[in-house]
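S.K.: Got chain A; can you put chain B with the ligand on it based on the hints?
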Amino acid sequence: MFIEGRELVFKHNIPVTKVEKYWKGLEEGKIYGTVCKSCGAKYSPPQADCSECYSSDMDWVEITGEGVVEAMMEQYTFPAGFEFLKEPYVVAVARFGDFRVVGWAREKVWVGDRVVAETDKDETGVWKVYFKKV
Amino acid sequence: MRVGVIGVGCTKFGVLERTIQELAFEAVREAVEDAGISKNDIDISVVGTSNTRGYELMPAVPVNEYCGFAGKGPIRVEAACATGSAAFYTAYSSIVSGMADIAIAIGVEKMTEVNTPTSLAVGGRSGSYLWEFHQYGTTFPGYYAMHASAHMAEFGTKPEQLAMVAVKNHRNAAKNPKAHFPKEITLEKAVSSRYVAYPLKLFDCCPISDGASAAVLASEEKIKELGKEAVWVEGIGFSSDTANVAKRGSYTGLKATVEASRMAYKMAGIEDPLKSFDLACLHDCFTIAEIMAYEDLGFCKKGEGGKFVEEGRSDFGGDIPCNTFGGLKAKGHPLGATGLAMVYEAVKQLREEAGELQVELKNYKALTHNIGGTGHFGWVFVLGL
Ligand SMILES: [Zn+2]
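Sequence lines, in order, name chains A and B.
So the first sequence is residues 346 to 479, counted in our numbering.
So the second sequence is residues -3 to 381, counted in our numbering.
Keep in mind that a hint or two might mislead.
[As the list claims (entries may be wrong)] Listed below are several chain A residues computed to face chain B (Cβ distance under 8 Å; list not exhaustive):
#1 G350
#2 V354
#3 E419
#4 Y421
#5 P424
#6 R445
#7 V447
#8 R451
[Claimed, not checked] Listed below are the simulated SDA-like cross-link pairs for lysine to any residue, each with C-alpha atoms no more than 25 Å apart in a straight line:
#9 B:K251 with A:V413
#10 B:K8 with B:E61
#11 B:K243 with A:E365
#12 B:K243 with A:S400
#13 B:K171 with B:D315
#14 A:K477 with B:M148
#15 B:K297 with A:V456
#16 A:K369 with B:L126
#17 B:K179 with B:L353
Since the hints were derived computationally from the structure, they do not count as laboratory data.
As the structure is a computational prediction, the values presented were derived from the model and not from experiment.
We treat Cβ as the ideally placed atom computed from N, Cα and C, and that holds for glycine.
Isolated chain A (complex conformation) (with noise of 0.2 Å):
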């Protein structure tokens, strides 16, 4: 026998302050990496703050170009909060020289296939990484 729980939501208010450069990026199509002034570590995902050498003081570079797709993975059952795809999606990480991005394909690939990127809005209106085959 079971009884039902009460309803509890979370839609959590999420704080992109530090970081909101890239957000702000993907609406003008740019996609944006960090790199430490300090040391010249970089990071993509970017972050504000170094996790090397603890430096704040970094500089927001563009990644631009071909990348190639190291890794990808096409989604057949949905999880909640994406019922809105109608299709599997395919998900790839690829290389654009000292950075990698994480981003949706816009048709399927493969390990080693190029890539270029573009930004879009999902029709949720969340911003994001396209890939599309070169």
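M.R.: Okay, now just chain B with the ligand, sitting in the frame of chain A:
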């Protein structure tokens, strides 16, 4: 100071109509009875549960009370799917520190109180939410699928080789009445199952299971005083890796496994892991995870994991029987319980109490390998007589 395991308990894994405290109680009672002590002899309790799905959001105290340990701990620990091992280590450390003579590590997880999309969304947050799940809907099978894609692309690992892990582990689970899926499957059934997260199919994935397990640990002095036989903790290793998948070194293995095993092997004086253990309990939440584990633990060279299972080297009668009780894949994977269920399996095997699933003992040593997330946490134990 030497620390030994004197009692173990484990529930059946599956979709269980029990609350988290009722479930923990079953494993604790078995472990305490197995130790042949009174629960009042226990100095401190450690409750390991990830509990990101269950209704009891702060379950350590309810579990502790129900098991009769009010006033003794509890210390709650969480390390995703490696929570049980973190609980074991915490109990071990409490004894080594001299603060306790006897400690109990309890691992428990209620996975089935929410539906599958919710469970997938919770598991998908095991990386770095804002940069992964929020934007891209990554999931736990999805992360391991990424590793599988990299392994297949670099080494030519085949879907059939992944499926062979599932077939082997289901064959073992079929003889384990505590397994979630105690039934054999065919290779054909596994390779023809539907995709969950390409390239992983349904039979590459562990089930969503409830379960609990527990271990009673004691100091060598206490064990002598009680006149008990113990399985000794000979080596412990731990490591971890980045939360963000984009910040990993490589996708063809888990660095946390490599580092944790080095540490445990050094402590236990293990030089050739393939020849040192009578069995290994590997973290096979997905079939690719067991293949990467063979390599990262040093049973074979990087890239040869597919061949290792194909040649039967991880099966009964092979070089090192792996997941003799069915593994996470077929026995089930209740996150908090898994690491201690491995200890349960190792102890039962080393005491020659594994029945039909008994391995032949030559070294009297077992290895457990418990991973949290996708190599976010890594734990390796060497247990021996
Ligand atoms: Zn720095």
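S.K.: Give a verdict on every hint.
M.R.: These are the hints, each one checked on the structure:
1. Of the supplied interface hints, the one on A:G350 holds, with its beta-carbon coming within about 5 Å of a beta-carbon of chain B, less than 8 Å.
2. Taken as an interface hint, A:V354 does not check out: its beta carbon lies about 12 Å from the nearest beta carbon of chain B, beyond 8 Å.
3. The criterion of a C-beta within 8 Å of any C-beta in chain B is met by A:E419, whose closest approach is roughly 4 Å, and the hint holds.
4. Checking A:Y421 against chain B: minimum C-beta separation of about 5 Å stays under 8 Å; hint holds.
5. Taken as an interface hint, A:P424 checks out: its beta carbon lies about 4 Å from the nearest beta carbon of chain B, inside 8 Å.
6. Annotation: interface hint on A:R445 holds; nearest CB of chain B at approximately 4 Å, less than 8 Å.
7. Interface hint status for A:V447: upheld, as the beta-carbon distance to the closest one in chain B is roughly 5 Å, under 8 Å.
8. Because the smallest distance between the Cβ of A:R451 and any Cβ of chain B comes to about 13 Å, over 8 Å, the interface hint for this residue is violated.
9. A hinted pair counts as satisfied when its Cα atoms are at most 25 Å apart, and B:K251 with A:V413 qualifies at roughly 22 Å.
10. For the proposed pair B:K8 and B:E61, the alpha carbon gap of about 22 Å is at most 25 Å, so the pair holds.
11. For the hint linking B:K243 to A:E365, the alpha-carbon distance of about 20 Å falls within 25 Å, and the restraint holds.
12. A distance of roughly 19 Å separates the Cα atoms of B:K243 and A:S400; the hinted pair therefore holds under the 25 Å criterion.
13. Among the hinted pairs, B:K171 with B:D315 is consistent with the structure: their alpha-carbon atoms are about 21 Å apart, no more than 25 Å.
14. A hinted pair counts as satisfied when its Cα atoms are at most 25 Å apart, and A:K477 with B:M148 qualifies at roughly 22 Å.
15. For a cut-off of 25 Å, the pair hint linking B:K297 to A:V456 stands: about 22 Å separates their Cα positions.
16. At roughly 15 Å between alpha-carbon atoms, A:K369 and B:L126 fall within 25 Å of each other, so this suggested pair holds.
17. Of the supplied pair hints, the one linking B:K179 and B:L353 holds, its CA atoms being roughly 14 Å apart against a limit of 25 Å.
Of the numbered hints listed earlier, those contradicted by the structure are 2, 8.
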